[in-house]
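The chain contents come next:
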Amino acid sequence: MNCQGVEQQLMDEGTIGLEAAVLQHVHQCPECRKLYDEVATLEQLNQSLRGAARAPSDFSSKVVSASFVSWIGWRAAWGLIVVLLALVTLSDSSTFWGAQDLKAFWNDADSSLESQRSESISGAESASRSESDRDSSIPYVEVKVEGRSGAPVVVRIPAQIEVLTRDLHPEVVLRQASY
Amino acid sequence: MAQSTGLETTISFGDNALISSHLEGNEYAFQVLVERYQDKLVNYIYNLVGDYEQAVDLGQETFIRVFKHAHRYHAKYQFSTWIYRIATNLALDEIRRRKRRSRSFTYRLFFQQEEQDIPLEHDGPSPECSLDRKEQIQMLQAALNSLPDKYRLVFMLREVQELSHEEVGEVLKLSVGTVKSRLHRAKKLLRQKLTRVR
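Same order as they appear, the protein sequences are chains B and L. Position one of the first sequence corresponds to residue 1 (our numbering), numbered consecutively onward. Position one of the second sequence corresponds to residue 1 (our numbering), numbered consecutively onward.
I should point out that these hints are in silico values taken from the structure, not numbers from a laboratory. Fair warning: this is a prediction, and the values are worked out from it, not measured in the lab. No false leads were mixed into what you were given.
Cut-off 27 angstroms, straight-line C-alpha distance, at most; resulting in silico cross-link-like pairs (DSSO-like, lysine-lysine):
#1 K68/L to K62/B
#2 K150/L to K180/L
#3 K76/L to K180/L
#4 K34/B to K193/L
#5 K188/L to K40/L
#6 K62/B to K40/L
#7 K34/B to K180/L
#8 K134/L to K34/B
#9 K99/L to K173/L
#10 K34/B to K188/L
Just some of the chain B residues that point at chain L, by a computed CB distance under 7 angstroms:
#11 D12
#12 L45
#13 N46
#14 L49
#15 A53
#16 A55
#17 F59
#18 S60
#19 S67
#20 S70
Partial pick of chain L residues on the chain B-facing surface, computed with a CB cut under 10 angstroms:
#21 E35
#22 K40
#23 Y52
#24 F67
#25 R133
#26 K134
#27 L140
#28 M156
#29 K180
#30 L183
#31 R191
The beta-carbon is built from N, C-alpha and C at its ideal position, and this holds for glycine as well.
Could you build all of it, start to finish, from the sequences and the hints given here?
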């Protein structure tokens, strides 16, 4: 074993579990002995760095709560993005119920004012009717989407969304959600 | 089924089983993972960023990311290397942010590092001539902070966190050969920093 080999071993593996040949060389060679001592000192200091900091006692409970809250917020944010994207896509290719009426209202205010307004009112009544016709156990809000071509589509969105938090974590309680 | 798994049973799970169990809805699995790694991780980040409060915050952020992206975890990798990789990236981001925020501080630190040659007794463990241990640790930390990130990270993961060469390679996406050569270089630089000029 030469000095280069010893240096390689000490630098790669440290002082623990060295081969007998390496140890024998270290005892005989002052330069390698010096290197051995320095590496050993460094190892002792590293030991101290291992316990330099510990997590605070409430770390895990805080992390678990924060993770669930963050996860719910993250899911909600993605849900909102999906809904917004869907709305943008729909509005791009279609005209929302009432939007065309409003446009005509402003463009042709003098002649068709009353008729447009009555259309809007009848539209509102129809929405109100559809709300009253809804399944009493699952309330819906209906949005009528009129395309430039094809038949209008009615999208039913649940008016009330129930989020079950008991399966997520006992510390996370969603008391009320509103819009 | 997983819901009914008790805390005591969950504690005995391996890391991969804990992740699977967490994804199946075991409410204790994530908590056990956090408790298993929290001290190691906070200590690792603390040794990198040098600020305890920040280390705790980044540790928390690391676990939040694990929670959020648990479904992306592949069991063919070790969980420890995955979590260390997330923590390393967060710590490096923080270090870069700091550097951008305070150039003057960086310059000051740079010049201090260049000027300082930190002495360390190595002529036997004589208590009379040895520096105080706390002082030695501070010197080692200062010397470590003066190392380029690529050497410091390898050194911290291998020598302080006691990961294998292969694990360090996985965390930092390096080959084992590169890990060994960087570790060699890191130790050499540290020895130079810590050796008293005779």
